[in-house]
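Enquirer: Respectively, the protein sequence lines represent chains E and B. At position 148 of the first sequence the residue is numbered 136 (this note's numbering), and the sequence of numbers has no breaks. At position 279 of the second sequence the residue is numbered 267 (this note's numbering), and the sequence of numbers has no breaks.
Treat the hints loosely; a few may be bogus.
SDA-like, lysine to any residue: derived pairs with alpha carbons at most 20 Å apart [to be verified]:
no.: 1; chain 1: B; residue 1: 15; chain 2: E; residue 2: 15
no.: 2; chain 1: B; residue 1: 146; chain 2: B; residue 2: 73
no.: 3; chain 1: E; residue 1: 15; chain 2: B; residue 2: 156
no.: 4; chain 1: E; residue 1: 250; chain 2: E; residue 2: 20
no.: 5; chain 1: E; residue 1: 20; chain 2: B; residue 2: 141
None of these hints come from the bench; they were simulated from the model. Predicted model only: the values in this text are computed from it and were never measured.
Protein chains: 2
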Amino acid sequence: MAKMIEAEMASVSREVGAFIESMLGRKDPLFKSAYHLPSHGGKRMRPYLVVKSCEAVGGERVSAIAPAAAVELLHNFTLVHDDIMDNDTMRRGVPTVHVLWGVPTAILAGDLLFAEAFQAILRSALDDRRARAAAAVLADATVSLSIGQFQDMSFEEKDEITENDYLDMISGKTAALFQACAEIGAIAGGGSEDSIKKLGAYGWNLGMAFQIFDDYLGITSNEEALGKPVGNDLREGKKTLIVIRGMQTRSREIIKSLLGSKDATKEQLAALISSLEEDDVLGYVRRKALAYVEEAKKAISTLPDSEPKKSLTQLVEYSIMRKK
Amino acid sequence: MAKMIEAEMASVSREVGAFIESMLGRKDPLFKSAYHLPSHGGKRMRPYLVVKSCEAVGGERVSAIAPAAAVELLHNFTLVHDDIMDNDTMRRGVPTVHVLWGVPTAILAGDLLFAEAFQAILRSALDDRRARAAAAVLADATVSLSIGQFQDMSFEEKDEITENDYLDMISGKTAALFQACAEIGAIAGGGSEDSIKKLGAYGWNLGMAFQIFDDYLGITSNEEALGKPVGNDLREGKKTLIVIRGMQTRSREIIKSLLGSKDATKEQLAALISSLEEDDVLGYVRRKALAYVEEAKKAISTLPDSEPKKSLTQLVEYSIMRKK
Chain E
-11 MAKMIEAEMA SVSREVGAFI ESMLGRKDPL FKSAYHLPSH GGKRMRPYLV
39 VKSCEAVGGE RVSAIAPAAA VELLHNFTLV HDDIMDNDTM RRGVPTVHVL
89 WGVPTAILAG DLLFAEAFQA ILRSALDDRR ARAAAAVLAD ATVSLSIGQF
139 QDMSFEEKDE ITENDYLDMI SGKTAALFQA CAEIGAIAGG GSEDSIKKLG
189 AYGWNLGMAF QIFDDYLGIT SNEEALGKPV GNDLREGKKT LIVIRGMQTR
239 SREIIKSLLG SKDATKEQLA ALISSLEEDD VLGYVRRKAL AYVEEAKKAI
289 STLPDSEPKK SLTQLVEYSI MRKK
Chain B
-11 MAKMIEAEMA SVSREVGAFI ESMLGRKDPL FKSAYHLPSH GGKRMRPYLV
39 VKSCEAVGGE RVSAIAPAAA VELLHNFTLV HDDIMDNDTM RRGVPTVHVL
89 WGVPTAILAG DLLFAEAFQA ILRSALDDRR ARAAAAVLAD ATVSLSIGQF
139 QDMSFEEKDE ITENDYLDMI SGKTAALFQA CAEIGAIAGG GSEDSIKKLG
189 AYGWNLGMAF QIFDDYLGIT SNEEALGKPV GNDLREGKKT LIVIRGMQTR
239 SREIIKSLLG SKDATKEQLA ALISSLEEDD VLGYVRRKAL AYVEEAKKAI
289 STLPDSEPKK SLTQLVEYSI MRKK
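Okay, chain E solo, but in the shape it has when bound (with noise of 0.2 Å):
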């Protein structure tokens, strides 16, 4: 199944990234610095869940390509900040872009990738309604972002993260940009405000299970499927799920030993992990990650059953089955 999935977001992916392209692929410097992200691929779940939902209303795939590379070049715009902002180096196996180019043409990189999103929507075919409404959500969402990644920064200062306090940040950070691709597909398609309801609620979901898995991940994974070092959200001291039930269990210690240390080893985060995995951490976790899978589901479980929901259900699945 993750086999399939990953061959049809492949597709989607090749058309988007033709799409990314056209707008990007100029050999001027500030282009080439704003490319080069994109350029290396990710696995664009964002632009194939515009797609979907975009389908899953009976829309047009054609109607969704332009709205699918405008939230791909947002949340890429996202990328290159945040790297500049958590001193991150590496990503999808090539060095950032603030460490290739120096941060203030990083930060004009994001800027840049942030207006051609919305010149993506603005200046699309779509009918004047859908490009504002379209529009309208991605502006939304690019406020929750901005939001979400302040509390994520703050987290770092503070020493009590609830798991609520975690939830409503990753709902910023990322939960909202999914709703808004789901949104964004529905209304591409021309679907009814319940079904755009719907399916936001769906791709909210999805976000937050995807995000919670995400961080599992960069703990529990290895370096050559993630293109970055695993642990780095940790030495970065980062307040991830993992670390806030952690910290309630027998693995408060070596938690407490670990966070926020640059210098970690291979060897400590492998005992860390044998500790959170016997104090039933890791489990907690990803029973939590599965409660948003089955709550997406349940949001579109009233939308006329087809193909492309067939493919909404598989890849809120893959989100959390998925190695990289």
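For chain E, the structure is supplied; the task is to place chain B on it using the hints.
Expert: Then chain B, alone, in the frame of chain E:
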């Protein structure tokens, strides 16, 4: 005349300021940092340009307020990010955002302002056609702004910058947004394609005049009026038209000795200004700005006469008569 238009601008500024406060005036720390720069005003020429362009095509002032707030938010976004890139510590008489809250928060505050700019237009009462068209113009302008800022930064590392390079750079960095303001105002007011185009040409020429005169003020004005130290551009090694032109005169040696010199004194700057005046460099730059002023007036000469058209004529004259 300057007094009259300043009073008119102040009135628009209050309306737009209230709108911006309604969007950003929250206790949340991210919103506080985003609101820092807009809350310290500035001239707000850009929103004034939106309002007057709207009225000049027969539109209601009320339709222009949200788009006017949008361009001001967008302008402030670029200032917050530019100040990081240029290491500027003061603006509008107060410390810059990254000085007060650090670079990561300043990047994010800028991103939030950017998103709010699009929200302001896309969530406004404008009909779908106008909202979409206005937002598309704003997105295009932001692409130009990014390219212009990138050119500006790269000039610092290049030895040979021609007058044409400079004009091309300020076209992107400044004139594109002035053009967008006039077009957005005309779109919001329901103007014809022809009047949108004419007002756009007016706005572009106004922007060129404004930026040339801004660079001129940056060296000839005083710190109190500017809200930042005189000669900052020179200390940062910026290749303004004054520098480019001056390098072709006897002022060459004194420019070479001061360009990029962080500790250039007020006395050295005074000597430079005398030399530039003597070599007719300042006169040349003033005449250049004046030529764009004339082009701007010509661009709207065939629009029907009206009070708002008179204001636009005064605005472009003001752009090269102001003290700050």
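Enquirer: Next step is simple, just say for each hint if it's right about the structure.
Expert: Hint check results:
The hinted pair formed by residue 15/B and residue 15/E fails the criterion: a straight-line CA distance of about 44 Å is larger than 20 Å. Restraint check for residue 146/B and residue 73/B: satisfied, since their Cα atoms lie roughly 17 Å apart, inside the 20 Å limit. For the suggested pair residue 15/E and residue 156/B, the alpha carbons sit about 18 Å apart, so the restraint of at most 20 Å is met. With a CA separation close to 31 Å, the supplied pair residue 250/E and residue 20/E exceeds the 20 Å bound.
This hinted pair checks out: residue 20/E and residue 141/B have alpha carbons roughly 16 Å apart, not beyond 20 Å.
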